[in-house]
Amino acid sequence: MDGVFIFVIVFLLLNIVLGLFRVWRGPTVADRLLTTQLFGTTGMAVLLVLAGYLQELTLLNVAITFNVLAILLVISLFKVWKKKKGETP
Amino acid sequence: METYKIYILTSAVLFVIGIGGVFMARHFIKKIIATVIMGGGVFLCFVSFAERDALTFADPVPHAMVITGIVVAVASAAFALALARRIYQLTGEQSFPIDK
Amino acid sequence: MINLPTSSLPAILVGLPILVATLSLFFRSRGKAVVGLLGSLLTAGLALIAFVEVAQLGSVIHILGGWEPPLGILLRMDPLAVVFIGMTALVGVFISLFAWWYFRAQESTNGKFSLFWPLWLFLWAGLNGLFLSNDLFNLFVTIEVIGICAVALAVLSGKTDSLFAGLRYLLAAITGSMAYLFGVALIYGSTGTLDLGLLGQILEPGKTTTFALLVITFGLMVKMAGFPFHFWLPPAHSSALAPVSALLSALVVKGAFYILLRLWAEVFGISLTYAGGQLIGLAGAVAVIWGSWQAFMQTNLKLIIAHSSVAQLGYLLMIFPLLILAPGVVAGSADWLSPAWTAGVYQVMAHAFAKASFFLSAGIIIMAQGHDHKGSLRDLASRMPMTTMAIGIAGVSLIGLPPSGGFFAKWMLLKGVFLSGQLWWAPVILTGSFLTAGYVFMLLRLAFAPARDQEPFRPVPHSLQVVALLLALGSFLIVFPAENLIQFLESSETFGSGIESIMEGGAYGNN
Amino acid sequence: MMIKEIITVILLIVGCFFFLAGTLGVLRFPDLFSRLHALTKADNLGLGFIAAGMALHIASPWAVLKILSIWFFTLLASSTSCYLIARFQKEKEQPTDRKEGE
Amino acid sequence: MSVLIDSLLAILAIYLALQCLLAQRLIQTVFIFFAFGLALALTWVRLGAIDVAITEAAIAAGFMGVLFLDALRDFSPAVSKKQQNLEAVRNPLPGNDTKRPILPRLALGLGLVLFLLISLEAVWNTPEGKGLTVVTGVMLPDSGVEHPVTAVLLNFRAYDTWLEIGVILMGLLAIFAAGGKEVYRKSGMTAEDPVLRQVILFFTPILFLFGAFLLYFGKSGPGGAFPAGVLWGAIGILLHLGGRPVLTVIPRWLLYLILTIGPGFFILLGFLLMTTGSTLFEYPPAYAGILILIVETMAAISIAAALTAIFTNLNQMSEEPDKIESNN
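Chains as they are written, first to last, in the working numbering: chain U, 1 to 89; chain A, 1 to 100; chain E, 1 to 511; chain L, 1 to 102; chain B, 1 to 328.
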């Protein structure tokens, strides 16, 4: 079972690395912003699998902390974007 | 090769990246982020030693020090951010004027 | 170290200022000032009690939480620490009194200035904690406390240039403390302890230790504005409010110097080479010449004083080459160690008093004239004789003319230089003094010159001038108890000890 | 016992497949909006499968609740930020003729 | 096989750190900074430092990320264009905008590479220390808590932790000194958005409960005052963003009471116990558990209030009326 977990983790991390290629290439800024997307979702998956692999249920708390604060980030981003819309015609 | 060796090398690299960033980056925010990265490197060094010295549990003293360090680093970074924003607000500058 | 007598004073010296500072937050501006002033008097009183206690009992310790090192933290109050605490208290009380009248005189301008009091008490607690600490990581926390409070005080004036200078200072301070922490991590990794006393016994030389020493020294040099890393000091110190400039210059930079001294003498002795000492001495020598020259070239009074700080801190660095013994020399036969340590301690004290007085006088002049271009000193002697006298006396101490504290420090440094045979430092010390004399006499000449035009001149409360003058006199008065003080200091383990370089000395290991 | 493990492995593999699909989409699709679409949808589905697999593997009610809430929160955050990134791009494309990329 | 995980994580962290500093746009820098935080958190988890991972997730990535994101409202590209024009008017010198001289940068780069090589060699050769694991394990039963990290933080090295809680307060005061306003105005943003309001209503209890859970769980596992404080602080930040600034509602004395109760109670308790003849922060073993829990709760409240106030202050900075006027 552990072998499967390690395989999945390595696979997911490789996914991130592959995705970073796009971040590096661009071409637009928004493409580069995808990193966070990529990392957010895949990172959560890695955390979940690690929780199973290390038999450490407290890892779920780490994941929840991240998630709950991610909402805060998103709302903050929303506000930033609104402010910019208000300022630049 | 033991696990901690990889991370301890990483910690040195992160530290150097951070220190380079503090000196070379122009924009205030980048300089501040560079200090945070530097801190990340240092904390990684502590935590890898904790992993190396683990018995039934990892060495808790470095963990406690890292938690303290993170909080302290965040407090100073928030202050630096406040200064940067205040400067921007008053003068519109986003980086130090090139002098010397 | 564990079997030294225990005292609760070290804990109170750190805890009380923070408690009072926290309390003062509840008040509005005037109340903050009252609580703050009372708090600083209280802290100074405690420092006095601590001095008396150490004089009677010798070094005392306080084991926090009852957990002995290496797990817990131990506060240690030895003669060296208590002398620094006492100096902080003396200078601090005068600066507090000055600040009280200074802020009252310009009450109308800004209610934000009352933040000075809690920040200053936090800073004071941080300094006390730093002098007492015996733990590498705790030292990091205290220097962070000091760094944040110092920068916050430096930007209190709210001027744009002080904000720029403050951000530069803060970034330098964070970089310095992170570098220091990196060294701490490596030392912890290689020994598993953070207590200075234990480390001094078990630290072994090696590549990691040398590297840790390197980054720690780098970090602390940044924090104390040692020569190549002094760039942040002149703008930050010259753009702050007068009492703040005095605090920063007189006390804050000394904190990093104290740690450096302690760590070199107590912990890293084992991995230092003769060449390393010469290198740091060289940095000090360059700082003396460069800082003095820059001060000479400035046109603004506060910038002159700030650059002079760079130079005076250079003298402090110059004691390090004397402390490191060449291979083959044993500490017992090295009679230059005591003068070198005395020079260090006295240079710290004399500079603290003189520079505080200098900055406060500059503040008085700015209050009177509205700006600090050096031309504003014209005719100062007839308008404000007391401030002129303060500048003169403080300047004499900075130059190092007898019988000032500055003279005593430089004389001891020269004595150490001659006794140790490292004669190449002597011309630097003398050149530094000449350059200092150059800018001090330039200022004094202006003060006695007739006024060129009728500039607006606002009267300044006499109390402010008296405080500045007293501080300047302090830099002379510290010489009188010198003999007793040195005797007292010599009962400390660290004071007067040499660093024996065990590793083979570098290319210069010739004597 | 065996069956549970086999199902877990299958769920994990399916999750991995979706992550791979998402990443390939990000790499190969021609424009930003389709890339966003690929990334957000496929990855969240993949996370769902992996979460299901792990929930089955850990199989304590408290942990299952936590895992489900993790999935739910990630869904919420990532869909919102996907929307915001798309808006960001759209705002930039429409009003001005400023050049893209640096 | 697991070496692969380690090296991938290490490469990711280094790559993201570099990318973060090399990115052309600020928004990109900030986004990559979140990713870097997550990579670090994964690293902490891999190294078994779950407490650190939670703290990193909460404070370094979450709170710091929100602060940086909020700072983007100031340093936005549109404004910077305007700014460049303004600068061009102010400094018409032609040579002003040229790049820095290449030689110092080259020297700095070379120095960094050299430093990197030295540091790599130094860390590689670190001698085997023993750490304090054994000592902590022996002392743990006397500490009043079961989780070693909490024992170190709140009992063995409580002095550092106390100073650190103080540092957060000092950071807030420093922000006041840097030009923040001690008086909180009502946020200009209003909760006109129904979706936002629902989200806030939904998340406030979750944040509170999860924070409380982490606080209590800190006795026996990873958690404790810092993450709890951040999660509770996130409530304040959320409400502020949603147009319901809590800090305007609270009277001044109460605000300062909750800001200072953490460090204040900590040191008062220490002094109180000192009067019974023990040293500072020496808890009687029988009551250590409950005292630590109370201290942690107070600390979490103070941290939450301080973080909310820090965010509010920074958030209000870009809305100051004295925008252009320079008081130099």
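I should point out that these hints are in silico values taken from the structure, not numbers from a laboratory.
Don't take each hint at face value.
[Claimed, not checked] Straight-line Cα separation of at most 35 angstroms, DSBU-like style, residue types lysine-lysine; simulated pairs:
no., chain 1, residue 1, chain 2, residue 2
1, A, Lys-5, B, Lys-219
2, B, Lys-130, B, Lys-219
3, B, Lys-219, E, Lys-207
4, E, Lys-207, E, Lys-159
5, U, Lys-79, L, Lys-90
6, L, Lys-41, L, Lys-92
7, E, Lys-112, U, Lys-79
8, L, Lys-41, L, Lys-4
9, L, Lys-4, U, Lys-79
10, L, Lys-41, U, Lys-79
Subject >> Numbers of unmet hints, in rising order >> reply: Hint check: 3, 4 and 9 fail, others pass.
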